[in-house]
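Those protein sequence lines, which keep their order, are chains A and B.
Going left to right, the first sequence walks through residues 1 to 222 as my numbering numbers them.
Going left to right, the second sequence walks through residues 1 to 230 as my numbering numbers them.
These are calculated hints, taken from the structure and not from any lab test.
Note that CB positions come from ideal geometry on N, CA and C, so glycine has one too.
Each hint should be verified, as a subset may be incorrect.
[To be verified] When the alpha-carbon atoms are kept at most 25 angstroms apart in a straight line, the in silico SDA-like pairs for lysine to any residue are as follows:
1. 58/A x 201/A
2. 58/A x 107/B
3. 58/A x 111/B
4. 169/A x 113/A
[What the hints assert, rightly or not] Covered stretches of chain A (chain B as the covering partner; in silico rule of three or more C-beta atoms under 8 angstroms from a C-beta of chain B):
5. 73-79
6. 121-133
7. 187-200
Each chain is listed here by its residues.
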Amino acid sequence: MIYVNRMALAAMLAVATVATGGLGTASTTGAGIVRVSQEVRRIIGSLRLIDIPHRWRKQNWIGDRGQGSCVHAALVHLWHWQGRHEWAEWWAARHGNGETAEGLAAKLETAGVQFAETRSGDEAFLDWAIRTRRGAAVVVQSGSHMVNLVGLDHRHAHILDSNAPERVKAWPRDKFLRDWKQSGGWAVTPVGPPAAPDPWEVRAGGREEASTTDTPRRRDRL
Amino acid sequence: MRKLMLMMVVSVLAAGMAAWNAARVCRAYDEKILHLESAVAVTYAAALERQTVQERVIDLPEDGNQWHTILIVCPDWKSRPAERRAEAMFHSDPLLASLQHQTHWHLITTDQPEFCKFRPLVDATPCLIVERANGEVVYRESGPELGRNSHGLTRAIRREIERHCPDGRCLPLYPVPREDGNPSPDEIPAVLREDIAPEKKRTNPILLAAISVLGGMLGLAVKFRRAAGV
């Protein structure tokens with residue numbers, strides 16, 4: 001009889017515990033199915049593409065010694081991307097002509113600019129520069145030219161060339177890496193905050209909406 | 001005469017002793033100076049070496065998943081009290097200053113090309129947007145009231161983070177599969193993570209009291225029956 005009573009009491013308590021919503025502290029997220037819109041997919045798919053606005057793209061210019069200024073143009077692009085517009089303009093107004101790795105490092109150090117570089121063709125550096133959305137200036141064409149690496153995936157390297165800054169070109173990844181290493185493997189980037197990604201919001205009902213649907217942005221075909 | 005000779009010997013001995021002592025002190029000073037000079041040289045060399053290392057090698061920041069704090073203001077924001085106050089709040093309030101340092105900070109004016117992508121979200125300036133590394137907006141507030149109550153703002157941001165990332169767990173950074181297949185690491189800025197604890201489910205106190213009373217009554221009934229020998 002006692003056992004029956006105890007069991008009845010235990011059953012009552014169990015039912016009541018369930019009814020009150022449980023006494024435990026763990027709670028699940030309860031994440032249901034989230035519908036990801038095409039626009040959000042596009043934003044997330046292009047997170048690792050440095051999309052420098054056309055207004056900030058600079059045509060390569062001739063310095064006072066009659067040399068092209070591709071190294072400085074590539075750096076100016078990166079500073080604009082990292083939001084340092086005044087600094088980029090200041091640098092472009094005071095620097096020009098060809099540049100060596102040593103010369104540029106000395107100038108950057110004198111100016112107190114924090115930067116990162118590789119001169120040994122370290123691919124991990126390029127991966128880091130793209131992974132953190134900073135981009136890099138990379139040497140190509142047997143060391144005679146410098147361009148911006150604005151994207152790097154399994155198949156392609158996306159290149160912004162100051163000689164034709166209107167369009168970003170996709171090079172086969174292997175071809176680019178070979179060219180870069182044969183050119184000395186120099187890559188440099190300022191270590192500033194990368195640009196904020198395109199924003200999107202989660203709306204009621206788990207729908208995700210991009211904020212830019214009403215103003216389609218101009219994008220390069222890659 | 002003997003006395004005179006004795007005095008001379010004593011004075012010569014004293015002079016010798018004094019000279020020897022002076023030489024010893026000088027040698028000790030020389031050694032000390034030499035030691036100090038070498039110590040300074042070592043320190044200087046070490047400082048030079050450290051300086052070179054600091055200049056040439058830096059730890060590459062792995063901040064690809066860091067959140068972004070974006071304050072959008074007018075081009076002439078410095079002459080607008082509300083916008084100036086909103087900007088100053090991120091320097092004066094310790095929590096917001098920490099947020100600024102733990103996220104990528106952007107002060108964007110409405111005449112910059114970067115503003116285009118935020119335009120649909122901005123009703124008025126100043127406008128504060130906190131977004132994850134994949135662009136998901138976690139918090140948004142705009143208008144002249146923005147800089148009035150920094151503590152209220154911090155609380156509001158935390159509330160929104162709890163809504164977006166319950167128990168500190170956010171949606172995957174990449175809803176489309178990531179190329180490397182790795183899960184997204186912990187990404188909420190530490191300053192906003194401190195107060196986030198799993199929310200305890202509320203229990204109904206009336207129901208609990210009723211259960212206790214019922215249990216007690218049942219126990220008494222059992223005891224009564226046992227005492228009555230039924």
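Here is how each hint holds up against the structure:
no., hint, verdict
1, 58/A x 201/A, "33 angstroms, violated"
2, 58/A x 107/B, "23 angstroms, holds"
3, 58/A x 111/B, "19 angstroms, holds"
4, 169/A x 113/A, "29 angstroms, violated"
5, 73-79, "violated (count 0)"
6, 121-133, "holds (count 5)"
7, 187-200, "holds (count 9)"
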